[in-house]
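**Q** The chain contents come next:
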Amino acid sequence: MAWVNAIIQGILTGGLYALFACGLSLMFGVMKVVNLAHGDLATVAGYIGIGIIAATHMPFLWSVPIVVLAMAVVGYVLQRTLIQAALRRGELTTLIVTFGLSMVIENGLLQFFSANNRGLGVGDNIVTASFSIGSQIQVAWLDVIIFVLAIVVLLGLQYYMSSTKYGRLIRAVADDREAAQLCGADYRHVFGVAAAIAFGTVALAGMAYGMTTVISPTTGTDTILLFAFAAVVIGGLGSLWGTLIGGIILGVAQQIGAQLNISYELLAGYIVFLAVLVIRPQGLTTRRSQS
Amino acid sequence: MSEAVNDTRPGGAGPLLEVRGLVVHHGQLRALSGISLQVFPGEVYAIIGANGAGKSTLLRTIAGLHSPTAGSIVYDGRDVTGLRPEKRAGAGIAMVPEGRRLFPSLTLEENLKVGATYARKGPWTIERVYDMFPWMKDRRTQRTAQMSGGEQQSVAIGRALVANPRVLLLDELSLGLAPVIVQRIYGMLPQILESGVTVLLVEQDVSQALRVATRLQCLLEGRTTLEGKPSDVTTDQVEAAYFGLAGPAAEGTLHAGPAEGSEA
Amino acid sequence: MSVVTDATARSEDKLRVTRSRRNVAWTGAGAIVLIVVLGAFPYYVRSGTLAIMVQGLIVLTLASMWNLLAGYAGLVSVGQQAFFGLGAYFLLIPAMHGVSPFAALPIAAVGAGVAALPLWWLLSRLRTGYFAIATWVLASAIMLFIERFQSIGGGTGMPLPGLTGYDPAVLTAYTYWAALAVAVLAIAAVYFLLRGRLGLVLTAIRDDEQAARSSGVKVGLARLLVFVVAAVGCGAAGGILAIDQLQVVPGTSGGVFSVLWTAEMAFAVIIGGIGTIEGPIVGTIVYMVLQQTLQSYNAWYLIILGLVAIAVTLFARRGLWGLLDERFSIRLFPVGYYLWAPGETRRRRRSGTGSADTPAKADVSR
Chain A
0 MAWVNAIIQG
10 ILTGGLYALF
20 ACGLSLMFGV
30 MKVVNLAHGD
40 LATVAGYIGI
50 GIIAATHMPF
60 LWSVPIVVLA
70 MAVVGYVLQR
80 TLIQAALRRG
90 ELTTLIVTFG
100 LSMVIENGLL
110 QFFSANNRGL
120 GVGDNIVTAS
130 FSIGSQIQVA
140 WLDVIIFVLA
150 IVVLLGLQYY
160 MSSTKYGRLI
170 RAVADDREAA
180 QLCGADYRHV
190 FGVAAAIAFG
200 TVALAGMAYG
210 MTTVISPTTG
220 TDTILLFAFA
230 AVVIGGLGSL
240 WGTLIGGIIL
250 GVAQQIGAQL
260 NISYELLAGY
270 IVFLAVLVIR
280 PQGLTTRRSQ
290 S
Chain B
0 MSEAVNDTRP
10 GGAGPLLEVR
20 GLVVHHGQLR
30 ALSGISLQVF
40 PGEVYAIIGA
50 NGAGKSTLLR
60 TIAGLHSPTA
70 GSIVYDGRDV
80 TGLRPEKRAG
90 AGIAMVPEGR
100 RLFPSLTLEE
110 NLKVGATYAR
120 KGPWTIERVY
130 DMFPWMKDRR
140 TQRTAQMSGG
150 EQQSVAIGRA
160 LVANPRVLLL
170 DELSLGLAPV
180 IVQRIYGMLP
190 QILESGVTVL
200 LVEQDVSQAL
210 RVATRLQCLL
220 EGRTTLEGKP
230 SDVTTDQVEA
240 AYFGLAGPAA
250 EGTLHAGPAE
260 GSEA
Chain C
0 MSVVTDATAR
10 SEDKLRVTRS
20 RRNVAWTGAG
30 AIVLIVVLGA
40 FPYYVRSGTL
50 AIMVQGLIVL
60 TLASMWNLLA
70 GYAGLVSVGQ
80 QAFFGLGAYF
90 LLIPAMHGVS
100 PFAALPIAAV
110 GAGVAALPLW
120 WLLSRLRTGY
130 FAIATWVLAS
140 AIMLFIERFQ
150 SIGGGTGMPL
160 PGLTGYDPAV
170 LTAYTYWAAL
180 AVAVLAIAAV
190 YFLLRGRLGL
200 VLTAIRDDEQ
210 AARSSGVKVG
220 LARLLVFVVA
230 AVGCGAAGGI
240 LAIDQLQVVP
250 GTSGGVFSVL
260 WTAEMAFAVI
270 IGGIGTIEGP
280 IVGTIVYMVL
290 QQTLQSYNAW
300 YLIILGLVAI
310 AVTLFARRGL
320 WGLLDERFSI
330 RLFPVGYYLW
340 APGETRRRRR
350 SGTGSADTPA
360 KADVSR
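Chains as they are written, first to last, in numbering that gives the first Met the number 0: chain A, 0 to 290; chain B, 0 to 263; chain C, 0 to 365.
So here's chain A without its partners, still in its complex pose (with noise of 0.2 Å):
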């Protein structure tokens, strides 16, 4: 039972995963940029939101809308300038710019907040709170609503995709950037309103994380990104569900791998990576020098 007990953690932990995720494979699929710093986004979310508690004593829920429009705007601006610039010069500038500004952000927040981890004190009544199934499984209810708010996430993001008029231009811009240009799409503006969407659902996911365990300065890099990179290494590149199963197996396989032994949780997510990138690198693979 406790092995069921573990699935329905990992299935539930890995709808926050694709959460993570998403930001980081759209920021590829359309503008070929991989922020290295976009697991720190999260964590600069989450520490937004300590000190917006902090400082105005505002209901938590209140302030994640608040985080999540701020790192929007962020994001577009950090998009139409330093990445944009980064990107005229090329992929190893990006890099380094993606890579800089991690290291800005962490050691910022070092120096700022102290290694010390911190919670955004929800309240314990929503993250101890749990309901049964049956006499033997025990479901956390704040793990379940933020599987959902990552479900709702991803379906609102296809919605957007597919059927909007931003969601249509951010596609073609993806495909073919001077025909776009050729339709009068400013592939600028385009490229940070998608910019914009990466860290909000970045940061959403953040403050999500933050609720469910504790954040320190370099959360980002230690655990973040390289969970939504590994899911988006297992559920294929460029699609939005395949991070949803990315993140799900990516769960699951840490759950499975805590239940053998508490301390293979990482590890076995990271056999999983390994395995996935040997198997079917699909995505991530191909032509090094990109002009």
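Quick caveat, the hints were computed from the structure, so don't treat them as lab data. Beta carbons are placed, not taken as given, at the ideal position from N, Cα and C, and that holds for glycine. Do not rely on the hints blindly, as some may be mistaken.
What the hints assert, rightly or not - Derived coverage of chain B by chain A (criterion: at least 3 residues anywhere in the stretch with Cβ under 8 Å from a Cβ of chain A; other residues may be distant):
no. : region
1   : 74-85
2   : 114-122
3   : 228-239
As the list claims (entries may be wrong) - If you only want the chain A side, here are some residues facing chain B, beta carbon under 7 Å, derived:
no. : residue
4   : R167
5   : R170
6   : A171
7   : D174
8   : E177
9   : A178
10  : Q180
11  : L181
12  : C182
13  : G183
14  : A184
15  : D221
Starting from the known structure of chain A, arrange chains B and C on it as the hints suggest.
**A** Positioned in the frame of chain A, the structure of chains B and C alone reads:
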């Protein structure tokens, strides 16, 4: 009145699109060396020339995808040389790029919708494009990647038309298409012209160009070797200009037209 | 069309091709003098300063390796800390079995190189961006894996045996000489590798991979060689760190597997000038200066380092050395070629190796 060929038409309407002394480089390679042309409203202006002559470069520069090293582009009396490509599309210059360049992950209708996103006001709508190409109605939700070359070309043209341009740039329509299809596509030109669109096209197929153009220019290695109306050029002149053959017919730039002093 | 060149070579005049603009012998002599001077440091420099220099030499070695990877082979690795850490552990393990740590240095280096082989197999097909993240992920995985072994310290680390009998000042001197040797060897290895066939091959690959492949260039092999050499270099540096710190601690903050090592080597290279051999040297100096002046401000030096690296990579792509090179056209370690038209002596722009990204084309698209 006897005047040089390139001047205002009788009636006083200035050129809709004008290129003056355009010089364009690809890295260190000079692709265009001082090209000039004028396209008047309602015209079909054709640019012919062999591969590598610079035809597509010229069109792409007019569309804004390349920056010229020297020279200027004037559209509707306005200097647009420094204008970003998407702004030119919004101003009324639309291009059907070489090789179609449809959006592969979008459906037929979505391709048209993208074209219509920043459209100007005008007669062309997606519905009207469907009227011109009835077969599209049934295939509107299909991905364009599976379509034939001719069908893709039609979609590409439709995508440019729904933006309601005043100048339509057509880059190598015939590329990779069977002659029959090419004829059919060029057969759409009258409808396009009727709606008030002026056409500037690049074509490798000389006879096709001669058939549809009201005026033409031939490029060779980035320079103009022939200019004029199809009715005023001989096959020999075209050949010489196209291939850059030595001989009296190829000396300098040929301005074919009525002899000076006679009625224009 | 006209390709811009005014050179008309008549049959009597020949175009000369040389490796450098001035006599390389001067640089070689200068280098030897410098090494001798540096080698004499322990005799007249304080221990404290020596310790700082050891740190600098470690970063210099790492930077040279990272530059080789990213600047010449186009492999952006954010996981070199894996080999750095492995090197430290491959030094620790023999030391725990009685081998003198200094004698174990080659083992550490070679061990890291061998470890690079299966990792390359996993990484080689990945596209640039995903290659980067994958190296990071692998480094984390390796760290987790190593932490499981309590016998070598698990998650908390293990002191390095075998060096307790030395007088501290003497030990510092020996450590310094070892670090100097490793750094010199690393730079020399990079220089001679790039000057030879590998340099040509890498330039060809960078310019046009497809063309290089169809010309028979073994692209995969060239990259593998670079990857392994970089691993060996980083491993040796890791061994030096172990000797310097007298312990090996894993872990992501400050430990041998910390990504901060990659940050330091990458930023040193970027600021100094990527794609040149002199760049890492300049960059390391800048880095050490920054670190020493900002010592009291904790994480500040990384923040500033990161910001400067971002600024440099955006606005002065070829780094500090690149700026110097533009002004004065110096190359201490020439690996390119110079083309001299008949009768020409000095003022010619050099051709050959450029920077990592494809050289900026004249503005063709917006």
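**Q** Take the hints in turn and mark each one as holding or not.
**A** Here's how the hints hold up against the structure:
no.: 1; hint: 74-85; verdict: holds (count 3)
no.: 2; hint: 114-122; verdict: holds (count 4)
no.: 3; hint: 228-239; verdict: violated (count 0)
no.: 4; hint: R167; verdict: holds (6 Å)
no.: 5; hint: R170; verdict: holds (6 Å)
no.: 6; hint: A171; verdict: holds (5 Å)
no.: 7; hint: D174; verdict: holds (4 Å)
no.: 8; hint: E177; verdict: holds (6 Å)
no.: 9; hint: A178; verdict: holds (4 Å)
no.: 10; hint: Q180; verdict: holds (4 Å)
no.: 11; hint: L181; verdict: holds (5 Å)
no.: 12; hint: C182; verdict: holds (5 Å)
no.: 13; hint: G183; verdict: holds (3 Å)
no.: 14; hint: A184; verdict: holds (6 Å)
no.: 15; hint: D221; verdict: violated (35 Å)
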